[in-house]
Amino acid sequence: MPSPGSSSRHRRRGLLLWIVCVILSGILFVLPPTVRNGISSGLEWSLFLPVRAVLGWGERSLFVSRENVRLQKELTSDRTKIAELGEAGRENEALRRMLGMKARSESNIVAARVVGRSLDWPGEVLWVQVSGVARPGTAVVTPEGLLGRVARVAGERAQVETLWHSRIAVSVLDGRSREQGILRWDPARPGWLWIDSVPLQSDFRVGDPIVTSGLGEVFPKGIRVGHVVGSEEDPRTQLKRVRVEPGVRRGIASEVFLIEERPPEDDASDRFPEPDMTPSGMPPLPGGPVPQP
Amino acid sequence: MSVRFWVRLLIAVWGALIFRLTLGPRLAVLGVQPDLMAALVFYLTLARGAVPGILAGFLLGLLVDVDQPDALGLSSLAWCTMAYATARISEALESTDPVVAALLLLLVVLIGETVRCVFVAGADPGRMVVIWLRWVLPTALYTCIVAPLAVALVHGALGGSRWFGGRT
Chain A
10 MPSPGSSSRH
20 RRRGLLLWIV
30 CVILSGILFV
40 LPPTVRNGIS
50 SGLEWSLFLP
60 VRAVLGWGER
70 SLFVSRENVR
80 LQKELTSDRT
90 KIAELGEAGR
100 ENEALRRMLG
110 MKARSESNIV
120 AARVVGRSLD
130 WPGEVLWVQV
140 SGVARPGTAV
150 VTPEGLLGRV
160 ARVAGERAQV
170 ETLWHSRIAV
180 SVLDGRSREQ
190 GILRWDPARP
200 GWLWIDSVPL
210 QSDFRVGDPI
220 VTSGLGEVFP
230 KGIRVGHVVG
240 SEEDPRTQLK
250 RVRVEPGVRR
260 GIASEVFLIE
270 ERPPEDDASD
280 RFPEPDMTPS
290 GMPPLPGGPV
300 PQP
Chain B
801 MSVRFWVRLL
811 IAVWGALIFR
821 LTLGPRLAVL
831 GVQPDLMAAL
841 VFYLTLARGA
851 VPGILAGFLL
861 GLLVDVDQPD
871 ALGLSSLAWC
881 TMAYATARIS
891 EALESTDPVV
901 AALLLLLVVL
911 IGETVRCVFV
921 AGADPGRMVV
931 IWLRWVLPTA
941 LYTCIVAPLA
951 VALVHGALGG
961 SRWFGGRT
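Going line by line, the protein sequences match chains A and B.
If you count by the working numbering, then the first sequence holds residues 10 to 302, one letter each, in order.
If you count by the working numbering, then the second sequence holds residues 801 to 968, one letter each, in order.
The shape of chain A in the complex, shown without the other chains (with noise of 0.2 angstroms):
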């Protein structure tokens, strides 16, 4: 039996041992994020890496053969091919004036398997194993849509955060009527993802397609990302928000693809043309006489 003086000695050390704990989790929690993602690297391979070593144990026995996966690429590229191409052809006649303009850039996909999943609820996260080169911020699709962009990698390991992250915002648009948004994901109203902040006026209908819109560069255009749902009125606003549900199904992605997108050939002849210079180095006036030194 522990004497009261024994207990309350004991007492005194748990407690100022928490508020040691306290004021470093506090010190952690307010650095820089470079400082955060230096100091989370260098415990990831230092101090964890014999626990971490259990990731991609599970979920990499749930065998799918290469065929399924040669297969589920083809279709991955082919559907964002269409989806592509349809976006191509609704702004085709908005884009008619500017021809000339660079060419778009081309996209890669990279097949990648799941082999961790966290579903902590202030946002999904998977770990995947990529076959090939994966860098940060590259998109990541299944032949449903977009799940989601790459955080972190190392090595061959991906950390992906999934449309189901706090921090994820997809610049969006209605495949039908163009309205754009920006789409996110909120723990407070976690069964859909939402459109927020959008004037009431915006036309968005149930069932209308949502895709990448390409602005923010990061993730490439036209990837579908889900249809609308419905839509209500935010009365401390007066704007509104749409309900989007997801083309993905949430946790049960085993294999995904990476899009990484590949930057156009430098050809002069995708670029504006340069107006022809006079002779003095200043442009020619339109419909006016050419200037002489």
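Since the hints were made in silico from the structure, they are not lab data.
Treat the hints loosely; a few may be bogus.
To be verified - Stretches of chain B that chain A covers, calculated by requiring three or more beta carbons in the stretch to come under 8 angstroms of a beta carbon on chain A:
#1 812-825
#2 840-853
#3 861-868
#4 897-911
Stated by the list, open to error - To list a few chain B residues with every Cβ distance to chain A over 12 angstroms, as calculated:
#5 805
#6 808
#7 831
#8 837
#9 893
#10 928
#11 945
#12 950
#13 953
#14 955
Cβ coordinates follow ideal geometry from the N, Cα and C atoms, glycine included.
Position chain B against the provided structure of chain A, taking the given hints into account.
Then chain B, alone, in the frame of chain A:
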């Protein structure tokens, strides 16, 4: 503390981590899954007292947080607070009783998850209440159902002896 204790601790951490990343998401109900890492901190604190529990809470929190550097320190804060609360509250209770232990687990997981909820919800009280009801309470309930079952399975497999020694 013996070598056996440390080996068992490492095995328990591995087991909880594997569960968190593989089986846990498959048991998720409406996105809510049991948190065996938090339960591990709880049972370790019950068995070994405040100091090992708080240290384990801090380090296991860091282990979970390194995957999400934006929240580095948040789980550490939540779980070391949870361990401290466990140690203080269990002094006044008969925590060897499985029902009392399960109820205590519910209470301290609520405390730990509420700490996280406050930081995630920000300064919006309405949002905090919604997140608390939607995520924090179900997570704590689910954990206090699954974790005692897992503990009972382990104790059964060990022939009734305690995994961490001590009281639980």
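To see whether the hints hold, each was checked on the structure:
Given as covered by chain A, the segment 812-825 of chain B passes the check, having 10 residues with a CB less than 8 angstroms from a CB of that chain where 3 are the minimum. Given as covered by chain A, the segment 840-853 of chain B passes the check, having 3 residues with a CB less than 8 angstroms from a CB of that chain where 3 are the minimum. Coverage of a stretch by a chain is defined here by at least three residues with a beta carbon nearer than 8 angstroms to that chain's beta carbons; for the segment 861-868 of chain B and chain A the count is 8, and the condition holds. Counting residues of the segment 897-911 of chain B whose CB lies closer than 8 angstroms to any CB of chain A gives 0, so the stated coverage by that chain is violated, three being the minimum.
Residue 805/B, annotated as away from the interface, keeps every beta carbon of chain A farther than 12 angstroms; the closest lies near 17 angstroms. No Cβ of chain A approaches the Cβ of residue 808/B within 12 angstroms, the least distance being about 14 angstroms, so the stated non-interface status holds. Once the 12 angstroms rule is applied to beta carbons, residue 831/B is inconsistent with being away from chain A; the minimum gap is 6 angstroms. Against the 12 angstroms criterion, residue 837/B falls within the reach of chain A, whose nearest CB is about 10 angstroms from its own CB.
Its beta-carbon lying about 15 angstroms from the closest one in chain A, residue 893/B satisfies the requirement of being farther than 12 angstroms from that chain. Residue placement check: residue 928/B does not keep its beta carbon more than 12 angstroms from all beta carbons of chain A (closest about 8 angstroms). Every Cβ of chain A is farther than 12 angstroms from the Cβ of residue 945/B; the closest lies at roughly 17 angstroms, confirming the non-interface assignment. No Cβ of chain A comes within 12 angstroms of the Cβ of residue 950/B; the nearest lies about 16 angstroms off, and the non-interface call holds.
Once the 12 angstroms rule is applied to beta carbons, residue 953/B is consistent with being away from chain A; the minimum gap is 18 angstroms. Under the 12 angstroms C-beta cut-off, the non-interface status given to residue 955/B relative to chain A holds; the minimum distance is some 23 angstroms.
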